[in-house]
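Number of protein chains: 2
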Amino acid sequence: MRVKDYVNRVVSDAEKASLSIATASSSLKNAALEQIAQNLINAKATLMRENEKDIHAAESAGLSMAMIDRLRLTESRIEEMVDGIRQVINLSDPVGEIMEGKLRPNGLQIQKVRVPIGVIAIIYESRPNVTADAASLCLKTGNVTILRGGKESIFSNLAIYRQISSALERVGMDKNVIQVIETADREAVNYLLKADEFVDLVIPRGGEGLIRNVVENSTIPVIKHYKGVCHTYVDEYANLDMARDICLNAKTQRPGTCNAMETMLVHEKVAEKFLPDVHRVMSEAGVELRGCGLSRAILPDIRPATEEDWSEEYLEKILSVKVVSSLEDAINHISSYGSSHSDAIVTELISHAKRFTDEVDSAAVYVNASTRFTDGYEFGMGAEIGISTDKLHARGPMGLNELTSYKYVVYGNGQIR
Amino acid sequence: MRVKDYVNRVVSDAEKASLSIATASSSLKNAALEQIAQNLINAKATLMRENEKDIHAAESAGLSMAMIDRLRLTESRIEEMVDGIRQVINLSDPVGEIMEGKLRPNGLQIQKVRVPIGVIAIIYESRPNVTADAASLCLKTGNVTILRGGKESIFSNLAIYRQISSALERVGMDKNVIQVIETADREAVNYLLKADEFVDLVIPRGGEGLIRNVVENSTIPVIKHYKGVCHTYVDEYANLDMARDICLNAKTQRPGTCNAMETMLVHEKVAEKFLPDVHRVMSEAGVELRGCGLSRAILPDIRPATEEDWSEEYLEKILSVKVVSSLEDAINHISSYGSSHSDAIVTELISHAKRFTDEVDSAAVYVNASTRFTDGYEFGMGAEIGISTDKLHARGPMGLNELTSYKYVVYGNGQIR
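Sequence order for the protein chains is A and B.
Note that our numbering has the first sequence beginning at 6, numbered continuously upward.
Note that our numbering has the second sequence beginning at 6, numbered continuously upward.
For the record, the hints were derived by calculation from the structure and aren't laboratory data.
There could be a bad hint or two in this list.
Since the list can't tell identical chains apart, any single copy or any two copies may satisfy a pair.
[What the hints assert, rightly or not] Straight line, CA to CA, 30 Å or less: simulated DSS-like cross-link-like pairs of lysine-lysine: (1) LYS359 with LYS180; (2) LYS156 with LYS232; (3) LYS232 with LYS117; (4) LYS156 with LYS58; (5) LYS199 with LYS229; (6) LYS9 with LYS199; (7) LYS58 with LYS9.
Full structure from sequences and hints, please.
Here it is in structure tokens:
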């Protein structure tokens with residue numbers, strides 16, 4: 006079958022399956038999720054065997070250690086995946102919620118009812134756990150999922166998918182509720198991205214290249230999860246001990262995440278006192294600092310930061326440091342170089358906190374806390390499919406509610422205009 | 006200046022203006038709106054004179070009477086435009102609303118705060134009133150607007166825009182808060198649609214060709230306002246008098262609108278009784294019926310409906326009629342031929358109403374009321390910028406709230422993970 010016909014069949018099967026899952030009861034959806042969890046547990050050995058093939062191919066292709074680590078499915082990672090699914094089972098189903106309701110003067114009763122989005126395509130790379138994570142969140146919210154993983158994890162993704170598919174069949178659900186694009190042909194993605202008649206949303210998960218390709222070629226709405234170049238600004242009126250602890254946490258607790266701090270901004274009036282202290286704890290934690298001229302006047306042994314450093318998402322133990330002369334300077338720096346993800350101010354002054362939270366245009370803006378909290382679990386959503394850096398539909402952590410749309414259901418008794 | 010450089014300047018000026026309008030007080034925004042209203046009233050004669058140039062060009066180009074009518078600015082249309090702006094002034098400003106707030110177990114206080122979207126581009130054709138309508142809704146919600154009207158209304162749009170611009174200046178607001186793309190060069194739209202670094206949302210308003218072009222070329226999120234092929238299904242258990250009145254209203258009260266009925270579905274068990282009655286009132290109102298075979302067996306003198314009729318948005322006094330054998334048939338017909346805009350069932354049976362509202366995947370689904378109610382004013386939103394047939398961000402009538410995004414503002418006292 007030609008790739009185009011194949012993709013057409015997948016998307017039209019997906020659309021056909023969407024009514025049954027949209028109106029499925031929570032009990033049925035939870036039963037399917039529990040069956041998926043059990044199947045994955047039972048298939049641990051198979052999953053690891055198939056994953057070995059991907060690891061082997063990755064090693065032959067000379068992929069980086071970090072890439073290979075992201076690819077790897079260990080026993081504990083499979084258990085984490087299964088725990089994740091069971092957490093989703095325990096969340097309450099948002100579908101059917103009456104979000105708003107009003108009685109109009111003419112007697113019309115208007116309800117705004119939460120409904121699934123419809124068909125969601127997830128395009129991702131490397132981490133095979135996304136296959137189960139994304140599918141379970143979409144299933145819980147009554148959406149049909151089309152998964153397209155990277156070719157580097159194809160054996161792992163298909164092995165996970167076979168377990169999902171047999172679980173759906175076991176509980177009597179349409180197997181097209183979750184589908185995988187099985188061909189490695191890159192053309193498949195292009196056809197998928199033009200299928201706006203059948204697919205309602207595309208969520209790309211991966212590096213900038215992948216996301217840019219999706220944005221440029223998709224005629225379907227996209228919610229992006231771009232990079233996180235997160236800042237912490239240590240204000241003139243900061244509690245400097247608190248600032249040090251927050252910065253250390255934001256940089257080092259998990260440097261590879263998008264909500265980790267990449268640039269620290271320090272007010273010039275406190276730089277001389279603050280920088281040596283923070284430099285000490287960062288060095289102890291193995292963090293390399295790269296500084297502007299003013300910070301290097303205080304810490305002469307750190308490497309100079311280049312213009313590129315200010316917009317770099319290091320995702321490792323590197324921190325760029327800039328001394329600024331005012332709150333306004335800090336806000337301007339964030340607006341020029343930031344990625345609208347998560348940014349923090351440490352200050353005791355209410356007017357500075359207010360100005361920072363008003364003017365910094367990011368998904369999450371913090372006062373006196375670590376940027377590491379931008380996360381579906383930490384925000385009390387129970388789970389997340391990613392962190393949107395877009396401003397439409399969903400911004401910041403995307404939980405179950407963000408995987409839904411709504412419709413207006415209007416009851417009358419003969420009203421006309 | 007080259008078109009590309011010109012568009013680049015417009016979008017980057019727009020982005021620079023976005024912080025000032027995003028944080029502007031409601032009083033200042035309302036003062037600007039009132040000044041725009043006053044300027045338009047004072048400039049009535051000029052507006053009509055400039056509009057004459059467009060009308061003249063349209064007549065020379067041989068545009069249809071309907072097109073020319075849409076173009077025309079009369080004294081009363083200018084007054085309507087001004088009334089619209091004053092209604093927007095009276096609406097409450099959604100920006101800054103705390104939509105949700107929670108205290109996490111670790112003491113973090115998380116607020117979900119309503120903020121403007123940022124920079125919104127409106128691409129529209131013919132009706133010059135969109136210039137003032139769209140700009141005033143965007144201004145009220147703290148967004149920057151870039152307007153790109155059709156070349157057929159260029160003189161009218163620029164005349165309106167000059168009044169807007171001088172009003173902004175008069176109240177001391179950055180004039181780049183509302184801008185018009187002044188060149189008629191079609192390339193300008195293509196550059197605008199790729200400016201995702203500066204523009205946050207594109208709203209196309211116009212025919213299918215315009216919308217398709219925007220969807221296919223934009224790397225910026227788009228909210229579409231496609232056509233409305235709206236249905237009314239007269240169930241076996243309908244109150245037939247009510248059904249007749251609802252159908253007549255849905256078809257004839259304003260046939261040129263997207264929420265007018267285009268296809269009437271009638272259950273076979275009531276067709277023989279219902280169709281002659283509805284045919285009579287429709288004929289009196291000047292509506293032409295086009296029927297399926299079964300309906301023509303009952304109404305032999307109506308014209309047969311072709312396959313194309315079922316997906317046609319007539320926007321005039323034509324109605325396609327189909328006899329169906331069940332509720333399921335009706336739902337299937339709507340799902341195959343509808344446009345996910347507004348669809349109604351007339352029934353006294355609660356189970357049929359429930360199944361219809363659950364399974365018809367449209368922005369607004371009605372029980373025993375006319376589809377003509379899908380409208381921002383009728384839904385109690387006070388105003389609308391259009392009716393979204395998309396499922397992301399906004400569905401159905403888009404009022405002020407739908408022109409906003411949100412950010413998370415998080416207060417801590419030193420929390421780390």
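Going through the hints against the structure:
1. LYS359 with LYS180: between (51 Å within a copy, 26 Å between copies)
2. LYS156 with LYS232: within (22 Å within a copy, 39 Å between copies)
3. LYS232 with LYS117: between (34 Å within a copy, 22 Å between copies)
4. LYS156 with LYS58: within (12 Å within a copy, 59 Å between copies)
5. LYS199 with LYS229: For LYS199 and LYS229, the Cα distance is within 30 Å both inside one copy (17 Å) and across copies (16 Å).
6. LYS9 with LYS199: both (11 Å within a copy, 27 Å between copies)
7. LYS58 with LYS9: For LYS58 and LYS9, the Cα distance is within 30 Å only inside one copy (28 Å; across copies 49 Å).
The structure fails none of the hints (numbered hints given earlier).
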